[in-house]
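Chemist: Take a look at the letters that make up each chain.
Number of protein chains: 2
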Amino acid sequence: MTGVTHQKWWGWGVEGIAFHHQDKPKMAPFVMDKIGIDLSAPGTPPPDFADIDVPAPRLEPALGEALRAAVGPEHVVLDDLDRVVHTYGKGLPDLVRVRRGDLPRVPDAVVYPADEEQVRAVVDAVVAADAVLIPFGGGSNISGSLTPPPGEERPVVSVDLGLMNKVLEIDADAGLARIQAGALGPDIEDQLTARGWTMGHQPDSFRHSTLGGWVATRSSGMQSDKYGDIADITRGLRLVQPGKVVVLRPLPSTSTGPSVREMVLGSEGRLGVITEVWVNVHRLPANREIIAYLYPSWGAALEAMQEISTADAHPSVTRVSDPNETAFSLATQKASKGLGGKLQAGLFEVLRRRGWDLDKACLSYIGYEGDAAHVRAEKAAVGKIVRAHGGLKLGTGPGALYDQKKFDTPYIRDFLLDIGAHGDVSETAAPWSRLREVYQGTVRAAQAAFAELGVQGFIMCHLSHSYHSGACLYFTFAYPPREGVDELDQYWTVKRAIQQSFLDTGATLSHHHGVGTDHAPWLEADISPAGTDVMVGLLRSVDPGRNLNPGTLLPAHREW
Amino acid sequence: MTGVTHQKWWGWGVEGIAFHHQDKPKMAPFVMDKIGIDLSAPGTPPPDFADIDVPAPRLEPALGEALRAAVGPEHVVLDDLDRVVHTYGKGLPDLVRVRRGDLPRVPDAVVYPADEEQVRAVVDAVVAADAVLIPFGGGSNISGSLTPPPGEERPVVSVDLGLMNKVLEIDADAGLARIQAGALGPDIEDQLTARGWTMGHQPDSFRHSTLGGWVATRSSGMQSDKYGDIADITRGLRLVQPGKVVVLRPLPSTSTGPSVREMVLGSEGRLGVITEVWVNVHRLPANREIIAYLYPSWGAALEAMQEISTADAHPSVTRVSDPNETAFSLATQKASKGLGGKLQAGLFEVLRRRGWDLDKACLSYIGYEGDAAHVRAEKAAVGKIVRAHGGLKLGTGPGALYDQKKFDTPYIRDFLLDIGAHGDVSETAAPWSRLREVYQGTVRAAQAAFAELGVQGFIMCHLSHSYHSGACLYFTFAYPPREGVDELDQYWTVKRAIQQSFLDTGATLSHHHGVGTDHAPWLEADISPAGTDVMVGLLRSVDPGRNLNPGTLLPAHREW
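Protein sequence lines correspond, in order, to chains A and B. With the first sequence counted from 1, adding 739 to any position gets you the working numbering. With the second sequence counted from 1, adding 739 to any position gets you the working numbering.
No lab work stands behind these hints, which were simulated from the structure alone. Note that the structure is a prediction, hence the values are computed from the model and not measured. One should not assume that every hint holds.
The list treats identical chains as one, so a pair stands whether inside a single copy or across any two.
Here are the simulated lysine-lysine pairs, DSSO-like style, with alpha carbons at most 27 Å apart [said to hold, decoys possible]: (1) K763 x K905; (2) K965 x K1123; (3) K965 x K1118; (4) K1123 x K983.
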């Protein structure tokens, strides 16, 4: 036993926790209406692991011996279950393939180093054997960064950082903490809050993703407007490469040429294994509130969000859902929670009388943190902007509910798969001047893809992560794939249409999910062919033998 | 005539503008006291250009022909004066060498492309001829990035971007502007403010440095606490490389792997020639105030600055001088300005009675921007912190004066050289927890170097650019070199001691002046040998022939 717990081999989160609709009375009619699926019909539960045919490990004895010498025999695992857990992330294609037992290439061993010395020994052993090394954090990746290339003939070793989960040091004077890369979100916040600190980084994946994974994929959290994206939060780090360690000391800012820190950020394992990270940490705020607002339209909501982003106010969370996502949120409320049945009915009746078209209403959450006077001033400043755009304050009740439920969303992917539907996400960022076009283009592209497939699809969106010059748009889509046609082909038809629309409208291939293999086909369109050359040159110079997570980041035709 | 104006060949700024002490009655006694130099003694004016022996250009005819074809014959300049202007930056060693006529290697031609097409033609011609290309903006560099390697046998072409000085486009909706890389600070702000916008980037060098230079060296401005360092301000760019152009579209944030944008930032010409940059721009603030404060000690000042940086307030400028720099500021006031003679005397008398040791007082400037209510709230929040640390508000008068004089400092280097003294700067950044040690270590290191040389030296410092986890410390030092010993050897004794102290105390080799050749010896100590390997690999992959500004960024023993 390694002592490291993993997510379900077939889905998100841990055994025993799942998304249910029985306590959400409006959900079944909503799903029937939007994608024509009957939630009361019997679903297809995930398969039994005993029915899965797992290829035997192909670990050369010498490499196995070297790995056992590196981390101890108990930390070199060749079990089928552990190897399958380390084969995929949790994107829709990952889940479809693993439920199918589609396992063309499974890691041949999973190793669990306990410290950086052991990571060094593992990296050196793998490279000496000309094998392949894939770093693994919480396994929450949804862009295909964790899967061995199907045709990889060399041994593949998954390096699970799960034992390296400690906050090693807090520099209280500087507001910095040194934390091991394998620490999950709760590991980090539990250790920090016990001492009065927070890192403030809250991606959807928080419970099942690690600091190293956040750095390796350029993660963002829900509170990034205040705390920054992981690229801002990361002030120093250690990265193990074959025979050496890149050491970047914690610095608030520096002028040391091309930023090696910003090369490690987003490197998805291709430059080495991150072992520890110096991050900004903050004293727990005296006050913290999330307030819900309602706007009469998406256009008004976008205008208000932009105005807030350039105002003197500095909220910690800025999020607004489009009408579809607003309807979804209302339909997935528990009977007794949220806006409440009667309260909501009453409010909506009042709004209707005022001339609102409630099918166009957009639900927004804005977060405030700081001392009482600051929170009051910020709320007043934001409230003024909200009202100027016809918006309405709903209060802290729905905001608190959002705050409690915020990490539950990824479970819905499995819930939909059980009932025979696909659900997945694509997110992007673009300048404010492009956002409407990005939004409309993406919705149109998804609808065209649904039409091409002949399926009843649904796409919804929220804006989050506001910057001076633009924002992130986060799309969620769902549809029931047709029978008789390969379901992954159908998925890629939709996903490709959305990604292509991003690039066609001036947006990026991803704001915070990384490149992986799924988004790599759009890399050249995003950073230009010459920019891709720069990246290829960098990766190749560090890893000429393609031992470090080969196949991720670059489009297939650019792998050397 | 190319139409591009340059700084003096022998010093900072343009002909006719210089630093004087005659209108600053306290300065001569101050300088006599601190470095034993008599300002009334006759100085040594800069040499006559006619006395300078300039090596003839070694431009192969074919390359000359290709360059003339690329930019037009009138934009290929082989004049001695123009070539000398493009030989050095404006650091102390640059000025000493150029005044001496020490010109071991002068560019063989200066070319002035008018647009990106011409830049591409120049880059291709230079690389095809296996010559060397050095991009040139305003020539304000002070870390040795602009000087051809002394032993360079290949032709050297300086590419002056001075004709490319336009704001090409303002995206008012997104708060972005597309600006040519050769635009100087005033070019940019004049074009922006005419339309109600500002970029807010104000380095000391503002009048004589360019956008491309800022990006290539990771510049910071005095208002970076609000507007960000240039790395934050830069949202997209175009970079000409041999045979191609890296195009990074403007994006508020992105998750496209290792950041190519952050590789171009700080690249000092080694990855190509930056031709245009998308930057964040802001509406001119409704109100703008800079307020001066006085603290009873450096310790109290540092504590207050740190508290301000983690408070809910967001000032635009945060700066505080140590007691030496405070004394220097008071000594260089014009008789009728600043705190004023009588007013200051009265104030100081009151403070003395309150128990202040005025030799330990520290002068601070804090800037506020925004709507009236916001400025009022920020001032109240900061004022409370200042008072809690024993500080005193002096008001807007001295703040306004600082704002007017803020770009004049670099002229002092020439003023001191004229009277036979050296003056230069070294700046760094470190976590708050290290700042006292960095400060004390640096002062001690400089004093030890002065003692070793047997000179009467002076070192002063200010803190600027506050971040969550740390700040920049900016040191200025001066001393009269001894006769009979090479004066550059003496300079390097002091400069090396300061830089080594930075690295020994956990600070970086530079916060915003770049690496160049002067700081390159500390690169491995800063980003680790393995981090340096990553950088070497990147540069080598882009420029295997070492045609692009070779010799900068990397320590000599790491050039390939």
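Chemist: How do K763 and K905 come out at 27 Å by Cα distance, when the copy is not named: within, between, both, or neither?
Modeler: neither (38 Å within a copy, 58 Å between copies)
Chemist: Can you give me the call for K965 and K1118, within, between, both or neither, at a CA distance of at most 27 Å?
Modeler: both (15 Å within a copy, 21 Å between copies)
Chemist: For the identical chains here, do K1123 and K983 meet the 27 Å Cα criterion within one copy, between copies, both, or neither?
Modeler: Result: close neither inside a copy nor across copies, 55 Å intra and 49 Å inter.
Chemist: Evaluate K965 and K1123 at a C-alpha cut-off of 27 Å and name the case that applies: within, between, both or neither.
Modeler: both (20 Å within a copy, 23 Å between copies)
Figure legend: structure checked against the earlier numbered hints; hints not met, in rising order: 1 and 4.
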